[in-house]
Amino acid sequence: MQRQAVLALMNRILETQGKPPVRDEAQTTRELGFRSLDFSELALRIELEIGHELNFEAAELRAITTAADVLDFFERALAA
Amino acid sequence: LSAVQLLWDNEVVLDRAVSWRELADGPAPAARPYIVAVRSQDQAFAVFAQGLLRQADFAIVDGSRLTPALVQHLTAQGRQVSGEGGGAHTSKTSVQPGRITVLTSGTTGMPKLVEHTIETLATVAGAEGPPRRWLCPYSPGTYAWYQLAALGVTVPEQTIVAVENDDPVAWVERAVETEVDAVSATPTFWRRALLSVTPERLRALQLAQVTLGGERVDQGLLDRLSELFPDARISHIYASTEAGACFAVHDGRTGFPAAWLERPLGNGVRLQVDDGRLQVSSPFAARSGWVDTGDLVEQRGDRVEILGRDDRGFINVGGSKVHADEVERVLNAHPDVVWSHAAGARSALTGQLVVATVVAKPGARLDESALLAFAAERLPEPARPRLVRFVSEIPTTEAGKSAV
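If you read the sequences in order, they're chains A and B. Under our numbering, think of the first position of the first sequence as 1, with each following residue one higher. Under our numbering, think of the first position of the second sequence as 81, with each following residue one higher.
The shape of chain A in the complex, shown without the other chains (with noise of 0.2 Å):
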C-alpha cells in the first residue's frame, strides 16, 4: 500500500467529518483537526486494506505531530 493510498484514507476521514483535506504534509494533526479517533480509524481502515493487522511501536506514536508524521509512521508500520 503506497503512502498516496494512506494519505487518501486520510483525507477521506477528515471529509466524512466535513473538514478540509491535507493540502501540505507539513501541517498539523492539531490544525487539521485530526484526533486519535481519527488516527486510530486510519489504522484500522489499512487494517482491512492489507488483510492484516499492523505491527507497531507504540512509543513512536509521541512523536507524531505533522500530516507526514502520520504518513511516515504507517510507512513504516506497513514495511515491518
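Keep in mind the hints are simulated off the structure, nothing from the lab. Beta carbons: idealized from backbone N, C-alpha and C, even for Gly. Be aware that one or more of the hints could be misleading.
For the chain A half of the interface with chain B, some residues (derived, Cβ under 10 Å), not all of them [claimed, not checked]: (1) 13; (2) 17; (3) 36; (4) 38; (5) 40; (6) 41; (7) 44; (8) 53; (9) 54; (10) 56; (11) 61; (12) 62.
Chain A is fixed; fit chain B onto it per the hints.
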C-alpha cells in the same frame, strides 16, 4: 473560580470570575429538582458547590452527553434540564433538599437516575490520610467525579485539580505544574498516558497514591504503574453508581481476597457471589440490600477475579462506555437502513472503535459517508461508528432472531 458560567432555563445568569462565598449567595435556580448541563470542570465544581451550600436537589451532566433523546428521557422523569442544549421544563417531582441525583453511564440504554447525598458520595478515604493534591480527570457528573469532588469539599487539606481527559500530555504537564501527588483515574486513562507520554516525563509526577477505578484492571497495568511510581501506593477500587463504594485493593494484584466473601468488610460492605455474578451490599449504595453488579467473577485459589460484564457489554472507546444498542437505535432511524449491528473493533490506541454492519433498504443508494454523517449528527463522538460494512442479508438464527 475563574470564568464561571451558569445557565438556568437557557438564560445566562452568571458569567465571570466569582468567589465561593459569592457563589453561595449568588443566583439560584427555581426551587425545583434541577439538572445542569455543564461545559467545563470549573462550571461543574461551581454548580456542585452551590448545590451543596444551598441544600439544593440537583444533578450535573456533562453537556456533551445531553442529546435530544436524553433531554426527552429526563423530562419524562419529571426533571428540569438547564444549560447547554436543554430547555425549560416543568418538574413533576417534589424537592428533596440535599438530594444529588447521579446519572449512570447508560450502558443498558438511557441512563438511570440514582439518588445520592453528600454522605453516600463522600466515601474516598481521605479524612484519616495525609494531605493530598488529587488529579481528577473524570467527566463532570459521573459517580467517580462526585466522589472526588465530595472528598475535596468535605475533608480539609484534600485538594482537587480537575483536568479534561482528552489529552494525556496536557494533564501530565498540569499535574507536574500543580504538584499533584495522587491520581484517581480509569485504567484506560493510564493506558493512553503510557502511549503518549515518555516514562521519564511520567516519573516527574511525584505520586504517593495511584487509584484505579471504573473498569476492570489488568495485572500488566498494575505492574507498569508500580514500576513507574515505586513510592506510590497503587490501589484499585470497586464502586458503581448504584452499588456505591464497595472496596479498595492495595496489594498490587487484580481481583480481591476470597476471604472477603466470608465476612463484612471494615466499612460495612458485604460481598457474595450468586451464579457467578458479584453482588454487594454497601452502606454507601443508593438503596439498601443486595445489589447485583452484573460483573462475572471467578474464584481462583485465594483470590476472586473479576472477568467482565455479564450482559452484552459496552464498547470501550478510549475510556468512554458506548452502548451498542444506542448506536443501532440511531442507525436504524435512517430512512434507508433496515437493520444494523454495532460492535467494537480492536484499536491499539483507543482500546476499541465502533464499527457497524448495516443492511440497507433494497434499491437505496446509501453510502458509508452519508450514514457516518447521519450518525455524527446524533451521537456523541466516541459512539460514532468509524466504519460501516454493508451486507445484503440480516444474519438470523433458526428461530428467526438476529444472530448477533
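Outcome of the hint check:
1. Contact between residue 13 of chain A and chain B, as hinted, is supported at the beta carbon level, the nearest pair being about 8 Å apart and thus within 10 Å.
2. With 10 Å as the threshold, the beta carbon of residue 17 of chain A comes within range of chain B, its nearest partner Cβ sitting at about 7 Å, so the hint holds.
3. Using the Cβ-Cβ criterion of 10 Å, the hint placing residue 36 of chain A at the interface with chain B is satisfied: the shortest such distance is roughly 6 Å.
4. A cut of 10 Å between beta carbons decides the hint on residue 38 of chain A: the least distance to chain B is about 9 Å, and the hint holds.
5. Hint status for residue 40 of chain A: holds, given a least beta-carbon distance of 4 Å to chain B, under 10 Å.
6. At about 4 Å, the closest approach between the beta carbon of residue 41 of chain A and any beta carbon in chain B falls short of 10 Å, and the interface hint on this residue holds.
7. A hinted interface residue such as residue 44 of chain A counts as satisfied when its beta carbon comes closer than 10 Å to some beta carbon of chain B; here the least separation is about 6 Å, so the hint holds.
8. A hinted interface residue such as residue 53 of chain A counts as satisfied when its beta carbon comes closer than 10 Å to some beta carbon of chain B; here the least separation is about 8 Å, so the hint holds.
9. The beta carbon of residue 54 of chain A is positioned within 10 Å of a beta carbon in chain B (closest approach about 8 Å), and the interface hint is therefore held.
10. The closest approach between the C-beta of residue 56 of chain A and any C-beta of chain B is roughly 7 Å, which is under the 10 Å cut-off, so the hint is satisfied.
11. Against a cut-off of 10 Å between C-beta atoms, the interface hint on residue 61 of chain A holds, since the closest Cβ of chain B lies about 6 Å away.
12. With a cut of 10 Å, the hint placing residue 62 of chain A at the interface with chain B holds, because the nearest CB-to-CB distance is about 6 Å.
The structure fails none of the hints (numbered hints given earlier).
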